[in-house]
Amino acid sequence: MEIRITRRQTGALALGTLLTAAGRARAADPSTFLNGAQMPMNLDPHQVFDVPMQGVMLNAYDNLYRYENDPPEIVPWLADGHTVSDDGLLWEFRLRPGIRFHDGSEMTAVDVVYSFRRVLGLGMAPAGAFLPILKPDKVTAPEPLLVRFQLEKPYAPFFAAIPIVSIVNPRAIQAHEQIGPNGTDWAKSWLASNAAGSGAYRIDPASYTPLERLDMTIFEDHFYGWKDNPKPVRRIAFRPTKETSTRVLALLNGTLDCTDNNLPTDQVARINASKNAVVIKDTNMRTFIVRMNNRKPPFDNLNARRAFAHAFNYEGFINDILGGYATRDPTPLPDTLWGYPKGAKGYDYDLVKAKAYFDKALAEGAPMKRAIEIHVQSENEQSVQSAQLFQSDLASIGANVKIIGDTWGNMITNAVKPETAPDMWVHWVSTYFVDPENWVGQMYDSQFHGTWKASSYYSNPEVDVLLRTARGLTRQEERAPLYEQATRQIMADCPDIWVYNSMQLQGYSRRVKGRRFCTVGAGAEMRWVTLEA
Amino acid sequence: MTRYLLRRLLLTIPSLFGLLVVTFLLIYIVPSDTAAAMAGDAATPEQIARLRHEMGLDQSVLAQFGLYLDRVLHLQFGESAFSHRAVAVDIAQRLPATLELTFFALFLSTALGIPLGVLCAVNHNRWPDFLLRFFSVLGVAVAAFWVAIMLQLLFSMQLGWLPLRGELSDEMLAPPRMTGFLLIDSALAWRWDAFADASRHLVLPAITLALGGLASITRFTRAGVLETLQKDFVLYERAVGYRRSRMIWIYVLRNSVTATLTQIGLLFGSLIAGGVVVEAIFDWPGIGSYTVQAILTGDHQVMLAVTLMIGVVYAGVNLLTDLVHGLVDPRLMETA
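For the protein sequence lines, the chains are A and B, in the order given.
First residue of the first sequence? That's 21 in this note's numbering, and the numbers climb one at a time after it.
First residue of the second sequence? That's 546 in this note's numbering, and the numbers climb one at a time after it.
Derived by calculation from the structure, the hints in this document are not laboratory data.
It should be emphasised that the depicted structure is a prediction, and the values quoted were computed from it without experimental measurement.
Be careful, since some hints might not be right.
[Stated by the list, open to error] Chain A side only, calculated, beta carbon under 7 Å to chain B, not exhaustive:
no. : residue
1   : 209
2   : 212
3   : 213
4   : 262
5   : 263
6   : 266
7   : 293
8   : 296
9   : 299
10  : 300
11  : 302
12  : 433
13  : 466
Note that the Cβ used here is the ideal one computed from N, Cα and C, for glycine as well.
Kindly generate the complete structure, drawing on both the sequences and the hints.
So this is what it looks like as structure tokens:
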């Protein structure tokens with residue numbers, strides 16, 4: 021029998037097929053966490069170390085020590101303890117026995133040695149804290165479960181930086197290493213799309229498309245065990261969304277379990293009003309700064325810098341633009357960190373004072389009326405808004421400021437020389453390790469000139485001495501007063517404008533329970549999370 | 546015909562070379578430093594300098610260009626400074642999604658734009674003409690991101706008819722990758738569930754992308770048909786009593802679409818460019834977001850390869866347009 025289908029019937033059939041599933045609400049998979057946060061540039065934790073990487077490294081890899089809780093505490097993780105010599109040069113970490121990598125092989129001290137040597141050999145972001153004080157051959161494994169570090173000079177932040185390094189499995193990596201004239205390439209191309217970890221979740225390399233998608237599945241044999249979370253997430257599906265609007269809609273309709281951790285404040289009420297989702301607010305240690313290039317006039321003049329510092333509308337920016345979701349921090353240090361100068365007042369928003377300093381600087385010959393550029397990250401709304409607010413207030417005291425849209429890549433490139441660093445630029449400083457060194461140490465010690473963190477090119481020998489002395493001591497109670505003193509001096513010199521300490525806003529599905537926040541990982545560690553039906 | 550095509554093909558070679566030179570110079574002029582961005586937030590100047598040297602970024606512009614040209618001639622496009630994957634692999638993974646979306650949008654624009662343009666012309670200065678002209682101006686004027694959000698709010702959030710984002714539902718198993726075109730792969734694998742799911746995901750981004758093109762094709766077709774309707778042969782066909790619909794849809798339309806065909810060729814380029822926004826809003830895993838990310842991070846190899854690849858595709862589509870032009874109006878081939 022011949023069946024004849026007319027064109028109209030074919031069309032109806034196609035439309036029917038298309039809409040068959042229409043109107044179906046997505047039944048949330050009870051064991052899959054759909055993660056809408058940004059993905060890192062690649063999957064190698066020894067090449068990339070930034071906020072998006074935390075979602076990969078804290079779940080797929082482990083560290084000797086790890087930051088947990090809020091406020092952050094450094095706790096033993098792969099290591100069950102450590103010792104340090106009195107002179108602060110010799111550090112030893114003892115590994116827990118029986119830890120297994122995802123391929124089933126047992127972790128030993130040799131693997132930890134390989135991991136640190138790989139970090140130092142690649143010399144990329146996570147290496148920054150170690151390169152000045154640690155040589156690859158000074159990381160050794162005297163016993164199967166004992167790792168020894170012999171530092172070149174005392175460096176107290178060494179311990180605080182230990183959680184930066186993920187321990188990788190050399191047996192998985194070495195087969196892919198290419199040996200060239202400069203030695204091994206450490207298989208950096210391979211590990212950028214693959215995995216060699218021991219973490220609570222196992223990366224599925226086949227699912228990976230850079231910056232688009234990645235799946236991880238639970239690792240039942242994780243050394244920490246799962247007793248503290250009997251109903252863990254079985255699968256983490258990274259599905260980053262590029263647009264805030266889509267991200268929020270996806271959270272609201274249940275096709276995502278979380279947004280990124282940079283949610284615009286104008287979305288908070290909308291999400292909280294929904295049945296499906298809620299915004300979780302966490303105070304983190306991410307400071308917001310307007311940099312001034314202290315080598316370029318007029319910013320080589322103290323009164324000019326103070327004029328600018330008094331012209332920023334701190335409260336207006338925090339309350340009106342950020343909806344109050346930040347805390348005013350007048351110092352370069354997060355206000356929850358040890359070493360913070362208690363009672364520090366900082367600069368307030370006062371256009372009368374600003375004008376007075378402006379006139380003083382002008383009288384001293386500073387070119388206060390020249391066109392000054394402030395560079396912002398075009399794709400970041402908050403960065404642009406801060407500059408617009410600042411521009412209007414500065415205009416009222418006679419300063420001529422131009423806002424230049426830029427990218428992060430360009431700005432850090434230009435910031436490495438005082439001649440090319442912008443007059444002013446806006447950025448945040450995140451928590452890479454919990455130590456004042458991460459902020460004042462690396463931002464204002466003149467030995468770091470040439471890095472974006474020290475791009476105000478501030479130089480004060482007295483501050484250098486304080487910071488270097490603090491870095492060489494091992495006891496926190498001895499270091500804290502030195503950082504306090506240095507910070508007060510830096511504030512008096514006013515090299516930058518310190519605005520606020522961030523509040524992390526992240527939208528979560530209401531089915532997500534048990535999340536633990538720690539400022540270092542930005543709450544990205546998933547092993548504590550359960551999904552309610 | 547062969548000579549005509551060959552000539553067109555040869556002309557694309559200097560165009561592509563020019564594109565390569567201009568893109569390379571533009572990227573060189575822009576003060577972005579892949580090494581600095583790649584080294585990361587905590588890198589020291591020594592780390593950045595070492596990377597810059599390893600990547601050959603400390604060589605002269607001419608040496609860098611020569612090196613790049615040599616690699617391109619050997620069809621090697623290098624690796625992304627960030628993903629460390631071969632750029633060709635990344636592009637091959639993403640390009641089909643962009644082409645699927647672009648061709649579907651182009652199909653929508655053309656399949657709807659030509660009949661609507663004819664409808665406007667035959668109802669010249671009457672209400673269907675006014676109405677469609679109003680909407681065609683609107684189609685050109687309204688920003689794609691606004692339309693996209695409105696469509697998402699209506700069809701995904703309110704009605705729940707169509708998916709909000711992506712090219713396949715998370716719970717849907719993807720068909721085995723053969724061509725990379727999800728619809729084709731689903732059909733080849735006889736996976737009609739995946740085909741239906743992928744079709745549903747395609748609808749909103751394709752409509753958003755098609756709107757601007759639809760408006761311009763409608764306007765070009767309208768103008769072409771109006772002009773042809775004034776020709777003597779139309780008067781003759783009317784006089785001898787040709788059926789009006791046959792006369793309009795076959796004879797008049799064929800003589801009117803030359804400009805529309807040119808427009809379709811050009812439209813392809815603007816759809817690829819417009820796709821960047823649409824891909825971002827709908828999380829479409831195409832070449833658009835990949836390119837934007839490369840620009841933001843200063844990933845030179847990716848920028849160069851994507852520009853060249855889009856240039857090649859664009860040249861191919863224009864070649865195809867020339868071919869169709871020649872078929873529709875054989876006089877063009879003779880004069881060429």
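- Message: Are any of the numbered hints broken by this structure? If so, which, sorted upward?
- Response: Hints 7, 8, 9, 10, 11 and 13 are the ones this structure does not satisfy, whereas the remaining hints hold.
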